[in-house]
Amino acid sequence: MARLIRMDNTGHTTVAEWTSADPASVEAAVKALRDELDRGYYAVVNHGEGRAEQVDSLPLDAELVILRRPIAGG
Amino acid sequence: MLPETAAVPWRPRMDAGRLRLISRSWTVSTVVQAVPMLATAVLLLFLDPVTIPVGLILLVHAWAIPELYANRGAKVVKPRARLGEAEERTALGLLGDLVGHEARELHARTGLVMERGALGVWLVGEAGALLVRGRRVHCWCVRVPDATLPSSDRIAHLLLALREDEEGFATVANHAFAGARWRVRRRLPKSQRPALAAAAAHPTG
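The listed protein sequences derive, respectively, from chains A and B.
Going by our numbering, the first residue of the first sequence is number 1, and it counts up by one from there.
Going by our numbering, the first residue of the second sequence is number 75, and it counts up by one from there.
The reader is advised that the hints may include incorrect statements.
[Unchecked claim] Covered stretches of chain A (chain B as the covering partner; in silico rule of three or more C-beta atoms under 8 Å from a C-beta of chain B):
no.: 1; segment: 9-21
no.: 2; segment: 34-46
[What the hints assert, rightly or not] Computed far set for chain B versus chain A, every beta-carbon distance over 10 Å:
no.: 3; residue: Ala81
no.: 4; residue: Leu93
no.: 5; residue: Thr104
no.: 6; residue: Gln107
no.: 7; residue: Leu133
no.: 8; residue: Arg163
no.: 9; residue: Arg209
no.: 10; residue: Ala274
[As the list claims (entries may be wrong)] Here are the in silico distance ranges between beta carbons for each label pair:
no.: 11; chain 1: B; residue 1: Gly208; chain 2: A; residue 2: Ala28; range: 47 to 55 Å
no.: 12; chain 1: A; residue 1: Ala72; chain 2: B; residue 2: Leu112; range: 37 to 45 Å
no.: 13; chain 1: A; residue 1: Asp61; chain 2: B; residue 2: Gly208; range: 37 to 45 Å
Just so you know, these hints were derived from the structure itself, not from any lab.
A virtual CB, placed ideally from N, CA and C, is assigned to each residue, including glycine.
Between the sequences and the hints, there should be enough to build the whole structure, so can you do that?
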């Protein structure tokens, strides 16, 4: 089961879970991702050390999509 | 490309060449500030016994200026206040999934996550990062502007942004200091010094 998680004040929250074999779960995850992007989050797929990719649509083959807040110079 | 770079359109994109330039600028700036003071101090020490105290004061100033800059740099990775234990544990679990064994172990000891990049070896903290390039260290002030996030989540935010676009990350971050590794090391809390040594042990590109 793939997961869309949001880093927040609880540590992280699972926003949606999906499997490509279940169109309803995919549809729910796509909507959840869109809602979070509209709230200002960025969606990132981590590919190990040194590599991560920002996505603006749900990558169905990813196991984990992480939602992060924008960063800024301190 | 890191989307946050759009918020700082006036900044040229950071790369290895700019880093070298910034590093040299810091060296020149330190020399320009410290050497005249040092020279005057030596002159006053030998000019007359009456001027010795002033010479000593100038000597202290010449020593203190680079130390203060290094201190400002080292502060970017100063540990911040922790939130509740449950939140911290949950966030730590996610961070642990993002990094390898070596980085996980180093984070447990020092609170900093080591990440090799094209520009050098990064040590990512909760509100800043150190970039180790040979004997030089660049200190960057960068954070996720949400004080309610657990410590490990703040690091994970920075780590993911760094992995997305290293040069973009260095462009968005505010450069706080560049200088000798030994100088920054002295200003780090003792618990964080092994991270600097670990980063220095990795060859940089």
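Okay, the hints, checked on the actual structure:
1. 9-21: n = 4 at 8 Å, threshold three: holds.
2. 34-46: Our answer is that it holds, as 3 residues pass the Cβ test (under 8 Å) against chain B, meeting three.
3. Ala81: 7 Å, violated
4. Leu93: Correct as stated: the minimum Cβ-Cβ distance to chain A is 16 Å, above 10 Å.
5. Thr104: At roughly 23 Å from the nearest Cβ of chain A, Thr104(B) sits farther out than 10 Å, so the non-interface label holds.
6. Gln107: Consistent with the label, Gln107(B) stays out of reach of chain A, its closest Cβ about 24 Å off (over 10 Å).
7. Leu133: 33 Å, holds
8. Arg163: 7 Å, violated
9. Arg209: The assertion about Arg209(B) holds, with a minimum of 23 Å to chain A.
10. Ala274: 18 Å, holds
11. Gly208(B) <-> Ala28(A): 47 to 55 Å: Holds, since Gly208(B) and Ala28(A) (Cβ atoms, about 50 Å apart) stay within the stated range.
12. Ala72(A) <-> Leu112(B): 37 to 45 Å: 38 Å, holds
13. Asp61(A) <-> Gly208(B): 37 to 45 Å: Because 39 Å falls inside the window, the suggested range holds.
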